[in-house]
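Protein chains: 4
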Amino acid sequence: MHGAATSPDAGVFAFAAAQVKKAMEATLALGGQGFVFWGGREGYQSLRNTDMAQEMNHQATFMSLAVDHKKEIGFDGVLLVEPKPQEPTKHQYDWDVATSALTLYRHGLQEEYKINVECNHATLSGHTCEHEVELASSLGLWGNLDVNVGDAQTGWDTDQFHMDPKEAAALMRVLLRQGGFPQGGLNFDAKLRRESTDVLDIFYAHIGGMDTMARGLLAAAEALADGRLEAFVAERYRTFAATELGRAIEERRTSFAALEAHALRSPDPVHSLASGQQEKAEIIAAQYQ
Amino acid sequence: MHGAATSPDAGVFAFAAAQVKKAMEATLALGGQGFVFWGGREGYQSLRNTDMAQEMNHQATFMSLAVDHKKEIGFDGVLLVEPKPQEPTKHQYDWDVATSALTLYRHGLQEEYKINVECNHATLSGHTCEHEVELASSLGLWGNLDVNVGDAQTGWDTDQFHMDPKEAAALMRVLLRQGGFPQGGLNFDAKLRRESTDVLDIFYAHIGGMDTMARGLLAAAEALADGRLEAFVAERYRTFAATELGRAIEERRTSFAALEAHALRSPDPVHSLASGQQEKAEIIAAQYQ
Amino acid sequence: MHGAATSPDAGVFAFAAAQVKKAMEATLALGGQGFVFWGGREGYQSLRNTDMAQEMNHQATFMSLAVDHKKEIGFDGVLLVEPKPQEPTKHQYDWDVATSALTLYRHGLQEEYKINVECNHATLSGHTCEHEVELASSLGLWGNLDVNVGDAQTGWDTDQFHMDPKEAAALMRVLLRQGGFPQGGLNFDAKLRRESTDVLDIFYAHIGGMDTMARGLLAAAEALADGRLEAFVAERYRTFAATELGRAIEERRTSFAALEAHALRSPDPVHSLASGQQEKAEIIAAQYQ
Amino acid sequence: MHGAATSPDAGVFAFAAAQVKKAMEATLALGGQGFVFWGGREGYQSLRNTDMAQEMNHQATFMSLAVDHKKEIGFDGVLLVEPKPQEPTKHQYDWDVATSALTLYRHGLQEEYKINVECNHATLSGHTCEHEVELASSLGLWGNLDVNVGDAQTGWDTDQFHMDPKEAAALMRVLLRQGGFPQGGLNFDAKLRRESTDVLDIFYAHIGGMDTMARGLLAAAEALADGRLEAFVAERYRTFAATELGRAIEERRTSFAALEAHALRSPDPVHSLASGQQEKAEIIAAQYQ
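Heads up: the protein sequence lines correspond to chains E, H, F and G, in order. All you need for our numbering is the position in the first sequence, starting with 1, plus 6. All you need for our numbering is the position in the second sequence, starting with 1, plus 6. All you need for our numbering is the position in the third sequence, starting with 1, plus 6. All you need for our numbering is the position in the fourth sequence, starting with 1, plus 6.
If you are wondering where the hints come from, they were derived from the structure by calculation, not from laboratory data. Fair warning: there could be bad hints in the mix.
[What the hints assert, rightly or not] To be clear about the criterion: a stretch of chain E counts as covered by chain F if any three or more of its residues have a C-beta under 8 Å from a C-beta of chain F, and this derived list gives those stretches:
| id | region |
| --- | --- |
| 1 | 163-177 |
| 2 | 199-207 |
| 3 | 212-218 |
Here a beta-carbon is modelled for each residue, glycine too, at the ideal position from N, C-alpha and C.
My request is simple: use the sequences and hints to build the entire structure.
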């Protein structure tokens, strides 16, 4: 309850290490391809009784020791961090993708871990699930997806089966664009509503959840094959690929002085600025659902 | 409106660079000690028309070029990033302290920037202001405080003057513990309520805001001088400072194997686990307000 | 800024009455069929300077005088209240459908007004738009729909065009079941994203918004014609229609004593309780989208 | 799990009635002064499987039968409804004070029930606790207070002991102004943090919670005795008490035509409009804490 890697008691840290060591060895023995660190217990309720800096350092040490052990035993699956913002504690150290990635970069672990995004945790952290997977993918860190959703208006995990084909298409687009998961997949960490008490309900729920993702995958594949939205976005950013100014920025071959010189001899770009055309883009996207 | 450093148009990037260059030079000429990058326009509305990875890279390039220019002109004030989660765009690239720090660490800028926390932006990102300043301070990155608050139940910046002595004491405690700000301070980025139309209201508001922070500073100083809460927290973590096991973890002189060996010869720590005593800590803290 | 009907100044109340009087007369002259009271300015920022009871009474008086005037001039359009929870003030007196309906019932105005639901305001009040229209419809009070949406994760009105066919189908189902609007309709109170600066964008947005509602209408009509979901729900509540116990409750021909007597001679209903089958219902609903 | 008074099964309604009947009789036998209907189970998860209109009617019938039984057995304690917005179900029929009061007014029960406000439920419904008690008190319906608080940034009941003297003073002000509770009081429906495992913690928590309310009561009593804030508010609304125009509105002895005539012969009130002086009011209030 006080955390494992972030417990105020060193003895708990040792017990947690022993448990993770054993679980990782079992994963290796069973041919597992991934090992998820679900950070739900690593956080704090109140700063009145907490030393946050110390707890965050302990967490990083724990994650670093896990990498050592992985190499020691020759486990070549992927280590994954799963962001979770709150509940049971108010503040958790793996709040969202950005917070989890900060810990990785700060401690040189960004090559050793991937991130397992759960859609329900994404919305609890104030982001959409699509934002979280796009960010993780942009960082090269997206490794797995827990396909359970919450409700953007309720503040706790409801862990429902995903039934929204529109969002499914958005998620599958990110996945297709990064070429899939080498060692991850889609994972049902979902549960039935408490009122769903028939034995058949568990079948309905899984069928509905799988169909939703399949429908999303087909829509995303069709949209990508069509290429209209990708071309639309590429066109919007064309000055970075198609002009010397843009390429110099992309390759960091410039300076504020050079950019000022360019600005002084150019018309104010506000006059030629293209529309974002968000509504048009949304209409195009809607045609694949 | 499409962002400055993260605009899809390279020409806007150049104009933004020219503006920041000039503003930084004016700051130097005027003897300024700090320069804040308020990220409120660097973000996106919809991934249907946005290339997030490219925009984030452009932002980092911009921040890096700013450091070059600062050194070029000999400005020795502090560069500050101000997290702001949303409004006008839904998703902004400096969502909170952790997200802003991720950009710094990912691009090797963590020694070049500090973070300017605004309490209203803190609550909009789903955190308390105290959490954000404690996190920034733990990372060695807290450089300034915008003392304007919102309302934890409204989802836009209300930028009210700070009138809560309890939170003020919590913020001032973090500031005193880190030894103050070398080159920053407390900044009123607050405004009157729209209905406050008397000329006197602007005086009342500033007096109220300053008195609140002063009341918080006195309470925090008294609490720190007293030392009861600090001792309470230190005692809670004593096993890390006072045992060989704890010191080995602190100094990263251990391994999962060594920790497992320790765990196997120790009683389950759950049986000796101390209470978090949050309510007691809250009562102690309340005595200084 | 201090409110119109709920201003602390009686003179403002009089001016507001004069304006609404004139606007209502113009509506009559122009053949208008409805008159909306948008309550966005009727609320308060802080109870430190507010007499809430007095302000709520003034609002009811104003609404009652408006009914008098409507009858006086022979305007036979519908008067509508539009719930809006916050922004510009923190607390508004027409927070949601239930709060608006409370004012109507408390002051005997429930036959004189209908409710105009705006989807963006619905989500800002913590409800789904579907909940709000279902509640208004259940009360016999749903009179119009503002088809602009926000984002369940942002706390201010974004007033976007509706682009989600799944929600559109849910809204149209409620509308079809209540037999449409005698004197209302669907109203675009939406605006383009600020970055949508092409003249064409306004066309794209309206086309997209209309198509979404049309797609929803077709889906809802097909689902209702099919009848599977309606039959599913009716079956779930069959004991109220099909048993003497249920009919006695429906018609309020019973008492706690009679119900206790029934319970004492019956098996515990928990043993025969049917599953809610929410996931199955969601799968069926998804087949019409 | 499907609700009691709002279950889709009439047999459950009967069992619930039997249980409440027995509990009410036990309350009478034990000399109890109040009986609370905690609506946490009366709600729904999804409209796909729910008939909201029918469920709301069943709830009203249940509440009405409870009044009959109360009179039948001669119980003269107070019946209380406790608003609770969500968890376990997404939408509950007693969302907040306004929603609960709507049910009472709609079914003529407003003289038969009072409302028990719980501060944690207040914040979960999007309001402050002070707003909820002020609204209930304005309606003449405030009957009891559950003094447990949550966190405005977490979306589930944390049921913490109240430790904020500033809010306590605001709540006690409303209570003192309505002359206390004839048959209610302050109730600790709070629990320790899960990590508070010492036997002493339960004492600390209750002492802290009681002291907070006592500190709030003293502050509120001092402020009311002083009268500065009350005079400030009365002055702000003086035109309603001190002018013939205002009294005519208060007593509903006017019409849009009469108000228009007044407006036409008056200067635009915007030119003489007094400031809301919220910041000054906040400073005055802060002097009593």
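Hints and how they fare:
1. 163-177: This one holds; 5 residues, not fewer than the three required, reach chain F with a Cβ under 8 Å.
2. 199-207: holds (count 7)
3. 212-218: holds (count 4)
Figure legend: structure checked against the earlier numbered hints; every hint is met.
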